[in-house]
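If you read the sequences in order, they're chains A and B.
Each residue of the first sequence is one higher than the last, beginning at 1 in this note's numbering.
Each residue of the second sequence is one higher than the last, beginning at 1 in this note's numbering.
Simulated from the structure, these hints should not be mistaken for lab results.
Keep in mind that a hint or two might mislead.
[What the hints assert, rightly or not] Pair ranges (Cβ atoms, derived): (1) B:Ser191 - A:Gln231: 41 to 49 Å; (2) B:Phe213 - A:Trp277: 35 to 43 Å; (3) A:Glu72 - B:Pro72: 32 to 40 Å; (4) A:Asp262 - B:Arg166: 48 to 56 Å; (5) A:Gly170 - B:Ser132: 32 to 40 Å; (6) A:Asp129 - B:Phe213: 48 to 56 Å; (7) B:Leu219 - A:Tyr257: 51 to 59 Å; (8) B:Gly192 - A:Glu202: 39 to 47 Å; (9) B:Phe252 - A:Glu17: 37 to 45 Å; (10) A:Glu16 - B:Ala198: 31 to 39 Å.
[Unchecked claim] Calculated lysine-lysine pairs in the DSS-like style (CA-CA distance at most 30 Å, straight line): (11) A:Lys29 - B:Lys177; (12) B:Lys199 - A:Lys76; (13) A:Lys29 - B:Lys180; (14) A:Lys120 - A:Lys99; (15) A:Lys21 - A:Lys76; (16) B:Lys180 - A:Lys6; (17) A:Lys120 - A:Lys6; (18) A:Lys178 - A:Lys79; (19) B:Lys238 - A:Lys106; (20) A:Lys6 - A:Lys21; (21) A:Lys120 - B:Lys180; (22) A:Lys210 - B:Lys177; (23) A:Lys80 - B:Lys177; (24) A:Lys134 - A:Lys146.
Please read these numbers as outputs of a predicted model, since none were measured by experiment.
Cβ coordinates follow ideal geometry from the N, Cα and C atoms, glycine included.
Residues per chain, in single letters:
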Amino acid sequence: MFVELKDVHYRYQAGEEDILKGVNLEIEKGQFVALVGHTGSGKSTLVQTINGLLRPTSGQVLIEGREIRDWESPIKVRKKVGLVFQYPEHQLFEESVFKDIAFGPKNLGWPEKEITEKVKQAMEFVQLDYEELKDRSPFGLSGGQKRRVAIAGVLAMEPELLILDEPIAGLDPRGRRKLMDRINWLNEEQGITVLLISHRMEDAARRAQKLFVMNQGRIVLSGSPQEIFEQRDELYEIGLEIPPLNEVLWQLRKCGYPVRTDIFTIEDVEEEILRHWRGFRCSKI
Amino acid sequence: MLKNITLGQYILRDSLIHNLDPRMKIMITMLIVIGLFFIGSFWGFLVAGAYIITVIAFSHLSWKVVIRGLKPVMFILVFTIVIHLFFTRGGVVLLEWGFLRIESEGLFTGLFMAVRIMLLISLTSLLTLTTSPIQLTDGLEYLLNPFRRFGLPAHELAMMMTIALRFIPTLLEEADKIMKAQQARGADFESGSIFRRAKSLVPLLVPLFLSAFRRADDLAMAMEARCYRGGEGRTRMKELSFLSRDWAALGFSAGFIIIFIIL
Numbered sequence: 001m002f003v004e005l006k007d008v009h010y011r012y013q014a015g016e017e018d019i020l021k022g023v024n025l026e027i028e029k030g031q032f033v034a035l036v037g038h039t040g041s042g043k044s045t046l047v048q049t050i051n052g053l054l055r056p057t058s059g060q061v062l063i064e065g066r067e068i069r070d071w072e073s074p075i076k077v078r079k080k081v082g083l084v085f086q087y088p089e090h091q092l093f094e095e096s097v098f099k100d101i102a103f104g105p106k107n108l109g110w111p112e113k114e115i116t117e118k119v120k121q122a123m124e125f126v127q128l129d130y131e132e133l134k135d136r137s138p139f140g141l142s143g144g145q146k147r148r149v150a151i152a153g154v155l156a157m158e159p160e161l162l163i164l165d166e167p168i169a170g171l172d173p174r175g176r177r178k179l180m181d182r183i184n185w186l187n188e189e190q191g192i193t194v195l196l197i198s199h200r201m202e203d204a205a206r207r208a209q210k211l212f213v214m215n216q217g218r219i220v221l222s223g224s225p226q227e228i229f230e231q232r233d234e235l236y237e238i239g240l241e242i243p244p245l246n247e248v249l250w251q252l253r254k255c256g257y258p259v260r261t262d263i264f265t266i267e268d269v270e271e272e273i274l275r276h277w278r279g280f281r282c283s284k285i
Numbered sequence: 001m002l003k004n005i006t007l008g009q010y011i012l013r014d015s016l017i018h019n020l021d022p023r024m025k026i027m028i029t030m031l032i033v034i035g036l037f038f039i040g041s042f043w044g045f046l047v048a049g050a051y052i053i054t055v056i057a058f059s060h061l062s063w064k065v066v067i068r069g070l071k072p073v074m075f076i077l078v079f080t081i082v083i084h085l086f087f088t089r090g091g092v093v094l095l096e097w098g099f100l101r102i103e104s105e106g107l108f109t110g111l112f113m114a115v116r117i118m119l120l121i122s123l124t125s126l127l128t129l130t131t132s133p134i135q136l137t138d139g140l141e142y143l144l145n146p147f148r149r150f151g152l153p154a155h156e157l158a159m160m161m162t163i164a165l166r167f168i169p170t171l172l173e174e175a176d177k178i179m180k181a182q183q184a185r186g187a188d189f190e191s192g193s194i195f196r197r198a199k200s201l202v203p204l205l206v207p208l209f210l211s212a213f214r215r216a217d218d219l220a221m222a223m224e225a226r227c228y229r230g231g232e233g234r235t236r237m238k239e240l241s242f243l244s245r246d247w248a249a250l251g252f253s254a255g256f257i258i259i260f261i262i263l
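Next up, chain B with everything else stripped away, as it sits in the complex (with noise of 0.2 Å):
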């Protein structure tokens, strides 16, 4: 039941937007989601909208797996077109129904709304989709090495993200296996009230916390027979360089950018 579960899902594709540098796309994806919280009309998200079609056009990727990253977020697309509906007031009277009552603003504000969310989404789901978690990591690195000068530690902290995220399937593999073992003795995961549930995770949570533990302790030792002590001094195999297409990209995107905040 929990293999379902999809973190920062990545798919391989031979394509233009996965070939990019990832530092570009993570600025590219940065610039535009601050793009989208000045866009102040329909026309500006339509603009936003065509953008976002396009990058997908250009990735290889088909529609269905985009939209597959929406859904999680449908509840929160519904609370806040319900929320501004009832609660933005101005405009004209829509509806009215005994205490209820609907104002032109609402649907309009609302509206905005799920509009800003599902693009915002989508672009940031895109750059996932297209960039693996290593390359993500190694760009957020690079981004952030600048600020290393104000003490902030940018290796590590991509370090932290790479072992994380790797160790993702690892760990939902473990639980399962570990839910299966407390199963086969008797253990219900899945009935009761909301307080014998959570108290019936206990059998789960020790076993996969102490072998989280054991596993990081392993991890800490092996690095350190291969003479890891932080990124001092550290060199890479594969070092980022910006192509001309990261800049045309880069061209491309701010067009965009300016288009959909004017309109």
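With the rest of the complex left out, here is chain A (with noise of 0.2 Å):
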């Protein structure tokens, strides 16, 4: 198993109550999977503890069959295990991309030529221009290029475990579907094990093969999104919704129409909505 964990526990004074409470998870290697819970629910927390940024109070964390604290160093951790937290461009200091993006390779020592290297081809991984924005200041970028950059900042560690919170949080609409096309096309092409955190169910849905729900430190349900948005009721129940589209088919089935709820592609459930519209067929406006 490429990371587990083993109940994992966590508090951050002693006396106070566990943010995590006993957390078990599993993620192979080359799987694209997401953690949803609402806010306070310890997603932020759990994956601090999957790079060694917060020591589990009690509990295991392994990776590649490891415990965490066993490993030579921190670094090693956190080069194989990639974090870009939420807000990732609040991060950002240097004064060019190319030595922001440069600081997490430096830190590991790797010599200039290769660092040029990372540097470049993390660039590319996120759809930035090297040449042109190489020298810019980051801090003169637009939104969603200072996220990017930020990215790539981690991207160019070459982690194996791409860790993401929270990452489309504040962009509009077409950034937002801009980076998470990229996202999976790190995880499809480049073959980045990819955890995605967010507290929207729709985010995660289309893209991941795993999901994992959180509830007050605990994980609550664990499966694919079919199985997990079957669940309709006991999601709404800890302040979560299923995405628009499954409600759509919910409400129906409500009123007695025996559609499908399992499928979430927005022509998948035209289909299945057309399906049971007696005396309706669809002829392509």
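From these two lone chains plus the hints, build me the complex, please.
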């Protein structure tokens, strides 16, 4: 198993309530998984235990079968597990885009030539033009570009697992779609394992192979998006909503139409609804 | 790691000391502090100590909290005693060892100064422990108001203090977040020489300053949007007024000051 969490507990201060109350989680290499839960459910705390920024109060975090504590240095773990925080553009600090992206590789002690190569590659990964932007100040870029520079800063370290904490928060619809497509591409074409954190189901639904639903420090549901969306009422109870498309299907079912509820692309849903719309055939408008 | 820093911490209780008018608390604290510097004997300190113990008892705070406040000045206390031990001359020679010589005057002055510092710190920390930052700045604004005639921007100073205090926890949280983000990129804040460590703070400080400026900008805009334009003509929802308990506290404290100055 690539990443494995066994009964992980975490609390910030002795005497306080646990933020994580026994989390078990497994991620296979090459998977695209998503961690969903509302604000304060412990998602961000959980992922910080995966790259060793937080030490669990009890329980084990294993990367490639080895407990994080037993790795020679924390940097080795952080190279393997790249963590992109929420609003990562707030961490930019260098005078040029190149230097900022090179910060991670430099900390790893790579030679100059390799660093240049990795920076180039990372910028290509997030669709930023190397020649045009490398000498520009990151602070003069647009919001979406800044975020991509920050993500490139993590990608330049060539992580095998990329964790993104709400990567599309605050972007416009086009920026969201483009970034999500790119994350998908990184997973499919570059073979990078991706763990996406979101409080919105629809971000995770279409791309992820597996969903983990968190509530109050525990993983309460896990499975494929299809399986998860079947449990609409349970999700509703813990303050989460299934994507609007699936909600439509659920409402139809409540009205007595035996529609499927385990689909989530707009085309499939359209077809499913029309199939039940007696006496009506779709003549593509 | 930055979570342990507490600054001007306030502990909410419902006690006589908490409910006193902040202006009175500030004035009394100032009077006592001045008084402490006029104390000439250990007997005076004993009375001042008794005063502080009385205040703690009335404030419903635990002793531990006040004693914990002394920890950060432990170094200064030890330093003061050591300096006086070896460098203040006079009195009987208590110990002689090579070129080191401890004389009774040194021991006496060292302890004297240390006790004074301890009393000063516990007294002022009692003020911040029992008065919320907002009350504190409100009180200061009132007290500074008379000096407006001489061009002192009392309201502006108080507002600046309020805002600074309000942003301390926010900025600490922000610093913690940025630190973690840079650590995730392999930054190392904890090892290396002093020079290297200072340099390693750049990736933390640049984003922190940027976000502080951004927040300041947003706040200024939000205040202007609510028609804030300085202290001129501003009224307040809660006017401060002295009650009889405030005058009683002043009388009580003044009595103590007179006694320990005389001793």
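Going through the hints against the structure:
Checking the proposed 41 to 49 Å range against Ser191 of chain B and Gln231 of chain A shows it holds: the Cβ atoms sit about 48 Å from each other. The given range of 35 to 43 Å is broken by Phe213 of chain B and Trp277 of chain A, whose C-beta atoms sit roughly 57 Å from each other. Checked against the hint of 32 to 40 Å, the C-beta distance between Glu72 of chain A and Pro72 of chain B comes to roughly 36 Å, which is consistent with it. Our hint of 48 to 56 Å for Asp262 of chain A and Arg166 of chain B holds, since their Cβ atoms are close to 49 Å apart.
For the hinted restraint 32 to 40 Å between Gly170 of chain A and Ser132 of chain B, the CB-CB distance of approximately 34 Å keeps it satisfied. The hint said 48 to 56 Å for the Cβ distance between Asp129 of chain A and Phe213 of chain B, and at roughly 29 Å that hint is violated. One distance hint, 51 to 59 Å for the beta-carbon pair Leu219 of chain B and Tyr257 of chain A, holds here, with the actual separation near 53 Å. Roughly 45 Å separates the CB atoms of Gly192 of chain B and Glu202 of chain A, a value that falls within the hinted 39 to 47 Å.
A hinted range of 37 to 45 Å holds for the C-beta pair Phe252 of chain B and Glu17 of chain A, which are about 42 Å apart. Glu16 of chain A and Ala198 of chain B have their C-beta atoms about 33 Å apart, which keeps the hinted 31 to 39 Å range intact. With a C-alpha separation of about 28 Å, the suggested pair Lys29 of chain A and Lys177 of chain B falls inside the 30 Å cut-off, and the hint holds. Only pairs whose Cα atoms come within 30 Å are accepted, and Lys199 of chain B paired with Lys76 of chain A is accepted, the gap being roughly 22 Å.
For the hint pairing Lys29 of chain A with Lys180 of chain B, the CA-to-CA distance comes to about 25 Å; that is within 30 Å, so the pair holds. Simply put, Lys120 of chain A and Lys99 of chain A have alpha-carbon atoms about 12 Å apart, close enough for the 30 Å limit, and the pair holds. Distance check on the hinted pair: Lys21 of chain A and Lys76 of chain A sit about 27 Å apart at the alpha-carbon level, within 30 Å; holds. Simply put, Lys180 of chain B and Lys6 of chain A have alpha-carbon atoms about 23 Å apart, close enough for the 30 Å limit, and the pair holds.
Between the alpha carbons of Lys120 of chain A and Lys6 of chain A the distance comes to roughly 38 Å, so the proposed pair goes past 30 Å and is violated. For the hint pairing Lys178 of chain A with Lys79 of chain A, the CA-to-CA distance comes to about 25 Å; that is within 30 Å, so the pair holds. Of the supplied pair hints, the one linking Lys238 of chain B and Lys106 of chain A is violated, its CA atoms being roughly 56 Å apart against a limit of 30 Å. Distance check on the hinted pair: Lys6 of chain A and Lys21 of chain A sit about 11 Å apart at the alpha-carbon level, within 30 Å; holds.
A C-alpha spacing of about 25 Å is found between Lys120 of chain A and Lys180 of chain B, which places the hinted pair at or below 30 Å, so the restraint holds. For the hint pairing Lys210 of chain A with Lys177 of chain B, the CA-to-CA distance comes to about 28 Å; that is within 30 Å, so the pair holds. Between Lys80 of chain A and Lys177 of chain B the CA atoms are separated by roughly 20 Å; this keeps the pair inside 30 Å, and the hint holds. With a C-alpha separation of about 12 Å, the suggested pairing of Lys134 of chain A with Lys146 of chain A holds against the 30 Å cut-off.
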